[in-house]
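Chains P and C, in that order, give the protein sequences. So the first sequence is residues 1 to 158, counted in the numbering used here. So the second sequence is residues 1 to 513, counted in the numbering used here.
Keep in mind the hints are simulated off the structure, nothing from the lab. Note that the Cβ used here is the ideal one computed from N, Cα and C, for glycine as well. All the given hints hold, so there is nothing to weed out.
Just a few of them, taken from the derived set where beta-carbon distance is under 8 Å, the chain P residues facing chain C: (1) E68; (2) Q78; (3) A101; (4) P117; (5) Y126; (6) Y136; (7) E144.
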Amino acid sequence: MTDSPGGLSERPTHHPTDHPTDPPPDRLPGATTPPRRVRVTSPRRDARRPAARRPASQELVEQTALGEVYLSALLRAQLRLSLAILLGVGVVVFGLPALLALVPGLRAVQVGPLPLPWLVIGILIYPLIVVAARIYVRQSGRIEREFADLMTQRWPHR
Amino acid sequence: MRSPAGVAAISLVCLVTLVIGAYGLRLSRTTSDFYVAGRSVSARWNASAISGEYLSAASFLGVAGLVYSFGADMLWFPVGYTVGYLVLLVLVAAPLRRSGAYTLPDFAELRLQSRGIRLLASALVVGVGWLYLLPQFQGAGLALSTVTGAPPSLGNLVVALVVVANVVAGGMRSITLVQAVQYWIKLTAISVPAFVLLAVWLRAGHPGPALSAGFDAALAGFSAREHPTYATYSTLLALCLGTMGLPHVLVRFYTNPDGTAARRTTVIVVALLGLFYVFTPVYGVLARVYVPTLPAGLRSDAVTLLLPSAVVPGGLGDLLSAILAGGAFAAFLSTASGLTISVAGVIDQDLLGPRLHRATGGDLRGIQSFRLAAVLAVALPYAASLLAINTSLADTVGLAFAVAASTFCPLLILGVWWRRLSVTGAGAGLVTGGVLALGATVTSVAGLDASSREGWVSALLAQPAAWTAPLAFLVMVMVSFATPSRIPASTLQTLVRLHAPEDLQAPAQRKSA
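Next comes chain C alone, as it looks inside the complex:
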């Protein structure tokens, strides 16, 4: 399929992103502006920005592809993405904002007063961020080749370049604005074609999907998805717990003025996400009706883009396809930008910055080292995205959630609520959860478990969160009990800062803005 309208839409989205980024550059002056938009973003803008950043390739294309391939069970993916924000809201939103931490490593160090834990957290941020960036680049390649017939690797390159250009030029101030606009682009791009396609489908006498039994029934293991009940629960757990530990989520909370505002913002986010996710399964179901078999060489992740032309051949179909392709590109760009900022921030602050500073004798300015880190943050997942990958977009993203749920989730929840968390306990839990979840992830993404594809081993490796996350919690708690002497002396002070409303705290305790 070759569609000039699609190329135009994709170019337009890339161009708008770059222009807003350049406009934002004039506004961002200091390093603080660069990272967190000078902390002056209203709740609604902030909520749009969080949602815009969060709705990734997995949401825009992946969910429809999974529903198309595996039926009703996959509806739990978007539910999990949304409930993840609810869990984040009720357990950590306000305390995280009150902690004053920019990034997850900042929080880890603040709470546990340990450089070691900080470095461990930094390594995990980079790992989770790279895992999450990978499907964004792949999705871009897929979208571009579906719409234009260009080789898939071109789309990967386009997104990687636009993201680096934008992050390097504008930083967070522009990113916040870009992200907020991106949400509304994405919502329009997913809802308008959905309404049109549904109307056409209804006028045609709403033909039922041509499908084998089990597509519309929950937990039926449609298309040989093994152990559907376990997979459903494990996926749900990963998404519910993993959201709070994603590298690009915490930094957004810093742009709220205080803890109460952070909560208000999160409620709006939950509503915006729910609104978006009502539309995504529509494409999976309608594709079952109109695209009963996938064209050779295309993955199910592409059904959203194929559907319009199948329903209304000709100009209208091309137009709707173009709108969807533009929206999908908005999704890749926004999520990849947010992740790149976070990963680059961590690489810059903890791994690269200090060394560069020493090596150049302080000649390099802070922002330059951040820019170098941004290039590094994109390079590795871009290279990996060119390799053959075994799992679908939403599944790869699901694995990133599983790693976050098994590492940062226990750290954040216990760190915020439990005063007996010790440094040793936190470290042991992070290592246990990280090694197990990352190990399972690498095994299933690289397809190393192919020999045991049939059985439980494969199911456990493909959806590891159900066993890795509880294990990480358990290790963190047990080791903390065993090492009471390693509880940081500042624990009580930190907990006051996390939980007491800002106006009660002594000025000395509040981090000055």
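Same shape as in the complex, but just chain P:
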């Protein structure tokens, strides 16, 4: 028998035998010409491995419904990370003008030779942005590696 395209072979309901000398069970008594003998083999007999599972990445590439689920999961995870980073930086960057507008006293605070707004907006904010960028790159890389692992495993459940 040939493998079905999906690789999942149909299992026969009763266990057939492959000894050619055995009389076929459905042979009618008195029939002049016996029905053509058919060689029947069990898929388990020469199974080199369990029926090959398609790697999940195939679902992704071939646009199946399952692939869409995988893609949605990846998109959601990445978008959640991106929005978290943007929210964190946004609170600082867009919150500072609001803070300075609402608490005018802060504008006049001196830190050494520099007024506080100059120190924060002019200098301190840059390392913060770099740190946010680094966190993002590390986390998004992790999401992608986990996704790649999931996609290339033969048995998707862990």
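We have chain P; now place chain C onto it with these hints.
Coordinates of chain C only, in the frame set by chain P:
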């Protein structure tokens, strides 16, 4: 002020740029080399090149000029330029690289499968690019006339000619190398004089700036900058969202080998930009101390170049001025080159190339038509730069960001993350954002709003992004909801390509290099 050292520095920068360009010419052979350096640039070189290209006249001279004129609120300009790259990193960097698009119109067509959207995007690239080229030429004229006393239009011409020569000769391969070198020239040119000037200032007992109240306080509306809180927010929004939509940014991401490398490169870019921007406000503040009033006929954009001679008259001052002038020229050349490449690429591919090909019966080679497009890309903004312009360098650049934030930003973000974006929705959003933002820009650059200078109208027109960008997003989303039948059939396939790591994708889906 006439300074032979300044002339020497400017000539040297122009010469080095041309020599590296000519050297690169020997390396660039094919059309692919010409555009994107054969995609073989390491993350560090690439990050230097991106930063070198990005730090323009607005960064080098404009920020100090704005801080000098308007005080603490202007510190948000460089913050916005930097955060723009962070936004680009977390929302679109890797997907854009994985899309395999050279240019914004390429991405638009790939995602939406529509020639119409492609043409719309091409027109917008040319518009934003011209708007951004304009202050580069103006800055060059300003720098040259400040340092040498030559007529301002000479500097415009010098930069325009060097850029055309370089782009026409070398293309991107040389440009990548040039840009990377330019970053380090610029960083040296801005930091070394800053340290010297700060040391002199400290030894003099760090005298406080002679200024009216409000200069060092945030949001005080110093020097009658109207509605400072609105202006601050709108500018920040424009810069944060506009960066990803600038014509010369996307093409740089193509030189990364894959999406992950694109992310790594962007982090380095953010660090390099932050490092540079720490120095720029120093000039604005020190100029308040040493150059309390501007010489007649000079714009505040020139304070960076005037400062050294005011602090240390004589040879040292001249030398520092010369270094700054050289750095400023590096800034104009690199940004203008990058923009010219992008604008010329679009003109060549979408507007001029096909027609020329038909007209000449295919006699014209691809690279020749690109060269012709490069001349066209420079000619119009050069002509416009000779006219009187109402806004400062950093403000004009800010308007280019506002247009990008109101057009390409929604297209890229929704295109990368939203599977229900329809062709009609994208088109409606681009047109809405483009018409409104460009309209506001033309009005305020040409000074047409002079009668209403006092009020909200002027503030809204001068900093349009706060209302045009959300409106463009809204139109894109609402029209997409209304036209579900115009969602491209390939959407899911495209999103897989944008988001799935490269090694998972079937070979057929990857664009072959």
